[in-house]
Amino acid sequence: MTAIFLARKGFNDITILEKNEKIGRKILATGNGRCNFTNLNISPQNFHSNYKQNFFNPISNFGSTDTIKFFNSLGIVELIENNKVFPASEQASSILDVLRLEMDRLRINVITNININNIEYKNGMFTLYSKTQNHENQKTFVSNASKAQNNDGQKTFVSNKVIIATGGLAGGHTGEIYKILEKLGHKIEALKPTLVHIKSTSAYCKMLQGTRIKAKVTTNSQREEYGEVLFTEDGLSGPAIFNVSRDFATSKADELALDLAHKQNIENVIGMIYNRITNNPHYNLEELFLGWLNKKVGIAIVKYSNIGKLNRPVNTLEYSEVETLAQTIKAFSFKITGTRPFKFAQATVGGVSLADINLNSMQSKKIPGLYFTGEVLDVDGDCGGYNLQWAWSCAATLAQNIDK
Numbered sequence: 001m002t003a004i005f006l007a008r009k010g011f012n013d014i015t016i017l018e019k020n021e022k023i024g025r026k027i028l029a030t031g032n033g034r035c036n037f038t039n040l041n042i043s044p045q046n047f048h049s050n051y052k053q054n055f056f057n058p059i060s061n062f063g064s065t066d067t068i069k070f071f072n073s074l075g076i077v078e079l080i081e082n083n084k085v086f087p088a089s090e091q092a093s094s095i096l097d098v099l100r101l102e103m104d105r106l107r108i109n110v111i112t113n114i115n116i117n118n119i120e121y122k123n124g125m126f127t128l129y130s131k132t133q134n135h136e137n138q139k140t141f142v143s144n145a146s147k148a149q150n151n152d153g154q155k156t157f158v159s160n161k162v163i164i165a166t167g168g169l170a171g172g173h174t175g176e177i178y179k180i181l182e183k184l185g186h187k188i189e190a191l192k193p194t195l196v197h198i199k200s201t202s203a204y205c206k207m208l209q210g211t212r213i214k215a216k217v218t219t220n221s222q223r224e225e226y227g228e229v230l231f232t233e234d235g236l237s238g239p240a241i242f243n244v245s246r247d248f249a250t251s252k253a254d255e256l257a258l259d260l261a262h263k264q265n266i267e268n269v270i271g272m273i274y275n276r277i278t279n280n281p282h283y284n285l286e287e288l289f290l291g292w293l294n295k296k297v298g299i300a301i302v303k304y305s306n307i308g309k310l311n312r313p314v315n316t317l318e319y320s321e322v323e324t325l326a327q328t329i330k331a332f333s334f335k336i337t338g339t340r341p342f343k344f345a346q347a348t349v350g351g352v353s354l355a356d357i358n359l360n361s362m363q364s365k366k367i368p369g370l371y372f373t374g375e376v377l378d379v380d381g382d383c384g385g386y387n388l389q390w391a392w393s394c395a396a397t398l399a400q401n402i403d404k
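Position 277 of the sequence shown, counting from 1, maps to 277 under the working numbering, and the rest follow consecutively.
These aren't lab readings, by the way, just hints derived from the structure by calculation. A few of these clues could be false.
In silico lysine to any residue, SDA-like type, Cα no more than 25 Å apart, as pairs [stated by the list, open to error]: (1) K199 - A261; (2) K199 - E189; (3) K303 - E228; (4) K216 - G271; (5) K216 - S305.
Source: prediction; values computed, not measured.
Working from the sequences, and respecting the hints, build out all of it.
Here it is as structure tokens:
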């Protein structure tokens with residue numbers, strides 16, 4: 001999107017250097033292949049950073065409404081689900097296709113299979129060094145901005161402006177760019193996976209493997225989220241878990257509790273259990289929660305509460321045991337041992353410190369002519385289109401404020 005905005009502004013010497021065989025691979029993976037490209041409910045609370053000052057300017061400058069209008073202009077019709085915005089086609093490829101078509105129309109130069117391994121800055125000019133496997137996938141229209149030459153197996157590009165839009169480490173990226181940027185004087189905040197599956201040794205995870213529930217998730221760092229939770233063999237996943245995974249990746253938390261009746265207080269839950277016992281005194285513990293909780297979850301609640309065998313008649317329960325069941329429903333707790341690695345993550349905690357960036361222009365405070373957009377920066381958003389919106393907002397802010 002950055003290149004499109006710049007070309008529309010009148011820059012006619014834009015070259016995109018892409019490490020992969022094709023551009024936009026990460027877009028295809030977003031929203032489970034549907035591309036949740038923005039969210040109508042955006043606030044500073046949806047974004048996280050080590051930077052303690054306000055960093056919301058790019059999104060204030062170019063928000064979700066602007067993003068929708070931009071994609072509308074390219075032919076995308078929006079589909080809105082719980083404030084999440086998708087293309088009506090429900091295909092991530094639609095977003096990528098219209099971006100590629102607009103790049104073609106604007107004659108933006110794209111070179112793929114390029115791996116930048118060093119950037120030097122001298123006398124107002126940047127030299128980018130790369131090794132490339134082949135150039136069969138080059139699509140060349142205009143290349144005035146980057147003059148390339150072969151030299152001992154390396155390809156070099158020279159320009160007075162460079163935009164870093166590499167993304168983070170999520171999805172298994174190698175992250176060479178961070179070392180390059182450190183060498184250029186930028187601070188890199190600690191890199192951790194986020195929007196990722198969390199791991200637990202609890203036997204209940206394996207017991208409930210494949211089960212999906214809705215629950216309020218509370219960490220012992222006091223982070224709260226409500227939404228879908230998926231149990232897996234080695235932990236927990238799902239949107240609500242993804243949104244709290246940051247705290248486990250950064251060691252702020254090591255335990256969470258699932259509230260399976262978040263709209264009810266403990267007294268109400270006790271009353272609900274007693275009503276079930278009164279109405280069906282012939283039930284046993286295995287049958288107590290039928291029609292209320294997922295059957296596997298109900299059995300897990302009984303086992304976790306340690307109040308007897310599953311075939312125990314419910315009309316033999318003492319008040320203290322009913323109270324224990326209610327407490328488990330309100331706080332089904334799990335010890336968390338960490339997260340899965342970056343290749344399973346959707347986003348990255350950490351990155352280029354915002355203290356080194358002018359957030360009104362996205363230009364480096366260290367080196368004039370060096371700009372940044374998106375996830376390479378020390379900002380990560382919640383699950384729900386927020387990270388793509390951050391990238392679009394950075395792109396627009398940069399393009400609006402860059403000089404030719």
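Hint check:
1. A threshold of 25 Å between alpha carbons decides the hint, and for K199 with A261 the separation of about 24 Å falls inside it, so the pair holds.
2. Restraint check: the Cα-Cα separation between K199 and E189 comes to about 24 Å, which is no more than 25 Å; the hinted pair holds.
3. For the given pair, K303 sits about 22 Å from E228 by alpha-carbon distance, which is consistent with the 25 Å threshold.
4. For the hint pairing K216 with G271, the CA-to-CA distance comes to about 20 Å; that is within 25 Å, so the pair holds.
5. Between the alpha carbons of K216 and S305 the distance comes to roughly 19 Å, so the proposed pair stays at or under 25 Å and holds.
Hint compliance for this structure: every hint is met.
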